[in-house]
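Peer 1: Same order as they appear, the protein sequences are chains C and X.
Every letter in the first sequence is one number past the one before it in this note's numbering, and letter 35, counting from 1, is 35.
So the mapping is simple: this note's numbering equals the position in the second sequence, first residue as 1, plus 54.
None of these hints come from the bench; they were simulated from the model.
It is possible that some hints are incorrect.
[To be verified] Okay, derived cross-link-like pairs now, SDA-like style, lysine to any residue, Cα gap no bigger than 20 Å in a straight line:
(1) Lys71(X) to Lys278(X)
(2) Lys40(C) to Lys67(X)
(3) Lys40(C) to Pro72(X)
[Claimed, not checked] Simulated restraints, written as ranges between beta carbons of each label pair:
(4) Trp180(X) to Gln44(C): 46 to 54 Å
(5) Val23(C) to Lys143(X): 39 to 47 Å
(6) Tyr14(C) to Pro208(X): 26 to 34 Å
(7) Phe19(C) to Cys198(X): 52 to 60 Å
(8) Val26(C) to Tyr232(X): 38 to 46 Å
(9) Glu45(C) to Asp257(X): 54 to 62 Å
(10) Gln44(C) to Gly178(X): 17 to 25 Å
(11) Gln138(X) to Gln10(C): 25 to 33 Å
(12) Glu45(C) to Thr207(X): 24 to 32 Å
(13) Leu260(X) to Glu45(C): 48 to 56 Å
(14) Gln259(X) to Val18(C): 37 to 45 Å
(15) Trp238(X) to Glu45(C): 50 to 58 Å
(16) Val179(X) to Phe19(C): 13 to 21 Å
(17) Ala8(C) to Gly256(X): 25 to 33 Å
Computed from a prediction, not measured in an experiment: that's the story for all the values here.
Think of the CB as a built atom: it goes at the ideal place given N, C-alpha and C, for glycine as much as any other residue.
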Amino acid sequence: MSDYGNSAWQWFVYGSYVFVACVVVVFAIYALKVRNSSLKSLLQEGFLENKEDQ
Amino acid sequence: MFLSKSLFQTLPKVVAKPVRFWDTFLLLSALMQLFAWYFALFLIGADTDQGDVYRILFVHVSVAWCAFFWFFASAFFGLRVFFQRDQQKAKAHDFSSHTSMEMALVFSSLVLMTGSFWGRPTWGVWWDWDPRLTSSLVLFLMGCGYLLLRYFTPQASYRIKISAIVSIISSINVPIVYYSVNLWRSVHQPQTFVQRTHNASGDIQLVLLINLMATFLLSIALYKVRRQSISLQETLQEFRGYQ
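Start from the sequences and build out the full structure, keeping to the hints where you can.
Peer 2: Below is the structure:
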């Protein structure tokens, strides 16, 4: 790869990709965590008990 | 997949099936995104004007288009809230509109950040009060306003309607952001996919399309998982209220 005068371009390019990856991962973990804990609570509190055969 | 095995096995099929499907979809779309980023970072050549720093384009444009899409999606579900007489269905559309707005907010914040990362080495500044940048910031702030309004409006029926109105108003700003580079004098480059400007060569357009597709699929997967979590949270709260 060449920098064409943009020295330290790696920081900006890789930094932007890493930043996007981190935000997406954090959002996914948050969404999954909330969903899983809600599912667990619904099971424990008996909401899903009568829906076994559906 | 992202659920513990013991919990997954105790779930009714009607719940377990979509959970497993969207978890798998999320994993596959994340892998596809990694492949797309590999093309963008290591396979395609450098630009004659900007060198390698132009590679931010592939992530910046992809997240921008996703942000636009989710603002429109939020407005679409917001409109459906008004045309739906059945309260339960209206509530479901409201959940979809809310989830879409969260997605729009995540992606518009990424647009601003990646744009700033690109602006520093090319323009010499992290931020400029340029029409495209300013209108993008306004769009992001409208998304923030939507979530704040939801949070501070306790009455459900009023919250659903006011949220729908804000989502529709926010979507009006999307074409303003898109055409801002044509409407006003701007340091920002014109649209990438406009033929007459010939902004991108064929190989750049192909890699950009792959990245657009991968990011869009990933955003769909994230939307579905978040939609499930919002819906389940609401069901849990309602169930606790009835007990």
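Peer 1: Run every hint past the structure and note whether it holds.
Peer 2: Quick rundown of the hints versus the structure:
1. Restraint check: the Cα-Cα separation between Lys71(X) and Lys278(X) comes to about 13 Å, which is no more than 20 Å; the hinted pair holds.
2. Restraint check for Lys40(C) and Lys67(X): satisfied, since their Cα atoms lie roughly 15 Å apart, inside the 20 Å limit.
3. For the proposed pair Lys40(C) and Pro72(X), the alpha carbon gap of about 16 Å is at most 20 Å, so the pair holds.
4. For Trp180(X) paired with Gln44(C), a C-beta distance near 48 Å keeps the hint of 46 to 54 Å intact.
5. Separated by about 32 Å at the C-beta atoms, Val23(C) and Lys143(X) break the suggested range of 39 to 47 Å.
6. Checked against the hint of 26 to 34 Å, the C-beta distance between Tyr14(C) and Pro208(X) comes to roughly 44 Å, which is inconsistent with it.
7. Taking 52 to 60 Å as the suggested C-beta distance range, the pair Phe19(C) and Cys198(X) does not conform, at roughly 19 Å.
8. Checked against the given bound of 38 to 46 Å, the beta carbons of Val26(C) and Tyr232(X), roughly 28 Å apart, lie outside it.
9. As the Cβ distance of Glu45(C) to Asp257(X) is approximately 56 Å, the hint placing it in 54 to 62 Å holds.
10. Gln44(C) and Gly178(X) have their C-beta atoms about 57 Å apart, which leaves the hinted 17 to 25 Å range violated.
11. Remark: the range hint 25 to 33 Å for Gln138(X) to Gln10(C) is contradicted by a beta-carbon distance near 51 Å.
12. Take Glu45(C) and Thr207(X): their Cβ atoms lie about 27 Å apart, and the range 24 to 32 Å holds.
13. Separation of Leu260(X) from Glu45(C) is about 51 Å and conforms to the stated range, judged on CB atoms against 48 to 56 Å.
14. Separation of Gln259(X) from Val18(C) is about 25 Å and departs from the stated range, judged on CB atoms against 37 to 45 Å.
15. Between Trp238(X) and Glu45(C) the beta carbons are some 56 Å apart, a value that agrees with the proposed interval 50 to 58 Å.
16. Against the hinted window of 13 to 21 Å, the Cβ-Cβ separation of Val179(X) and Phe19(C) comes to about 18 Å, which satisfies the hint.
17. Evaluation of the 25 to 33 Å hint for Ala8(C) and Gly256(X) yields a pass: the beta carbon distance comes to about 30 Å.
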